[in-house]
Each structure stands twice: as structure tokens, then as C-alpha cells.
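Trainee: Sequence:
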Amino acid sequence: MTAPTDPPVLPTASYAVTGATGHLGRLAIDALLRRDVPARNVFALVRDPDRAKDLADLGVGVREADYDRPDTLGPALEGIERLLLVSSPTVGNRLEQHTNVLRAADAADVGFVVYTSVLHADETELALAPEHAATEDVLQGSGVPFAVARNGWYVENYTGRLDEYLARGEIVGAAGDGRVSAATRADYAEAAVSLLTGDIADQQGYWELGGPAFSMTELAAAITEVTGTEVTYRDLPAEEFTDVLRSAGMDEDTAAFVTGLELSTARGELETDSPALENLLGRAPTSLRDAIRAARL
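Residue numbers (this note's numbering): 37 to 333.
These are calculated hints, taken from the structure and not from any lab test. Keep in mind it's a predicted model, so treat the numbers as computed, not measured. No residue lacks a Cβ here, since even glycine has one placed at the ideal position from N, Cα and C. Among the hints, a few may not be true.
To be verified - Quick list of the computed label-pair ranges, beta carbon to beta carbon: (1) G318 / P106: 31 to 39 Å; (2) E266 / G95: 42 to 50 Å; (3) D107 / R303: 39 to 47 Å; (4) R319 / T268: 29 to 37 Å; (5) E276 / R76: 55 to 63 Å; (6) G264 / G128: 39 to 47 Å; (7) S310 / T263: 26 to 34 Å; (8) D107 / N193: 29 to 37 Å; (9) P166 / N193: 16 to 24 Å; (10) R204 / G318: 35 to 43 Å; (11) S323 / R76: 31 to 39 Å; (12) G115 / G196: 35 to 43 Å; (13) G115 / D213: 46 to 54 Å; (14) G179 / R332: 44 to 52 Å.
All chains, full assembly: derive it from the sequences and hints.
Mentor: This is the structure we're talking about:
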């Protein structure tokens, strides 16, 4: 007679994800559940719990947590052992918001924090980097064990504009031959969860994450190949590109900001040869062409 097999031992830690109704946060919740973390051990921290009914229906705990309201953060983090802090989308207010969360995490004795930062946060000229680097400093000084997932660009920054590129037959920019180590949100979310659920001693530190790099010319070629519609890349001087943005209705400050991102790409600040993303995923990141195909479904 065959001896009964012991049931699998499931993780018992309590995990929380901030911004859980946003793109990355929701994908992280999904990744935790795919790893057989019981839904009762997963907590979605959201500004508006009414928007998380689908998560509650899965058995996930839903708690109000507003980055701008510190009084909500302590109760939201009560009993949480591991926290994924998804960076705020509010450029300009991020440092204060993140600091509120980290102070609450420290007070609640959270045992490990994973923070989603930006590629090369401590050395890049990328306009988005200073708030991330400052948050990393706060995290370093908090005394809470942590890992920083320094994410590259999202592939969706480009595939989300696919219809526009196809309609115009071109991508217009000022990135030159600069290459972008982009990956899908789903891959970054899975990597963050790999950090969150792994051995803390092995996961601590700074992880530069990005997929296989491509230039804008290579992006255009991939779109052409996948869709059968010819798309080319037209590179412009920075000033001319800014004028194009303004003529399309973009205000002066936003046009300058977007141009700055293009120039960061041209300088190579959005490229990495780090294998960390592949190592955390245990597989190759989703390819650019597969991401384009998925966007066409």
C-alpha cells in the first residue's frame, strides 16, 4: 500500500503590495497567487478599496493605504512581514509619499521591503531618477532589510502607442542610436515577487533590471516585421523634436521633459547588460516581438 503523500508546505508569510489596482501592482498580486501563496496571506494596499472588489473576490485582503494620508498606512501594514512598495505615479511628490510608507513599515516591524526604482538611479541624469535615488537613501537609512528593483523602461511605453506608429508609418524621436533595455510590466512584476518571496539574505541589495536592448530603429523594424506594415524611425535634433511636441498640443514643460527622456536614451542611460531580470525570472524575458504580437491581440 502506498504511503500517503504529505501535502505541500505553503508559504506562511504575509505579503502586501502597494498600488495594487495599478498596472504593476495588480500583476504582482497575480504573480504571488501563481506562486501558491494563499490568498489569505496576500494583502492589496489601495487608495480606493472600492476599485479592488475583484481582488477581494479572490480572497485577497484589501486595505486602504493612501500615500498622502499617513494615518491609513499604519493599519494597512499591521501584521505584514514582507512589503512590495510600488513607486508612486505622482512625479514631484514621490519622495514624501514613499517616506510616509517606509516610516509606517518601520513602525509596523515589516521584515523586508522591495522597492521599485529606476535603472541606474544613483548615477543617471534621467529626470525621473532623483526622487527614486532619494527614496533609496531613505530606505537605506530605515534599518529595514530591503531589495531595490531598479526597473528599466516598460515595453508598454512603446506597444501602447502601436496604433499611432502604424497610422503614421513612423516613430519620431530624438534618441539617436540609443538603446533601451525595456521589459514588460508582467516580467518586472514577476521579478519583484521573486525578490519578495525569496531568501532575504540572498535578495537584499540593488538589482538592475532590463530586457534585451533595442534602438528605436530596431523597434520600428520589429513592428514592421510583426505587423506587416512598414514603420520607420525618424530622428530629430532635440530642439526640433521639442517643437514637434509643442505643435501637437503639448505644453512647454511637458515637451521639455519628454525631450529630456529622449536625450537620456541617446546617452545610453536606459540600457543595461545586467542578467538580473533573467536570473530572477528563471527564463528569458518576453521578447520585443512577442510583446508587439500580444499588443495586437
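Trainee: With reference to the structure, classify each hint as holding or not holding.
Mentor: Against the structure, the hints come out as follows:
no.	hint	in the structure
1	G318 / P106: 31 to 39 Å	38 Å, holds
2	E266 / G95: 42 to 50 Å	48 Å, holds
3	D107 / R303: 39 to 47 Å	42 Å, holds
4	R319 / T268: 29 to 37 Å	32 Å, holds
5	E276 / R76: 55 to 63 Å	56 Å, holds
6	G264 / G128: 39 to 47 Å	42 Å, holds
7	S310 / T263: 26 to 34 Å	30 Å, holds
8	D107 / N193: 29 to 37 Å	35 Å, holds
9	P166 / N193: 16 to 24 Å	20 Å, holds
10	R204 / G318: 35 to 43 Å	38 Å, holds
11	S323 / R76: 31 to 39 Å	36 Å, holds
12	G115 / G196: 35 to 43 Å	37 Å, holds
13	G115 / D213: 46 to 54 Å	51 Å, holds
14	G179 / R332: 44 to 52 Å	47 Å, holds
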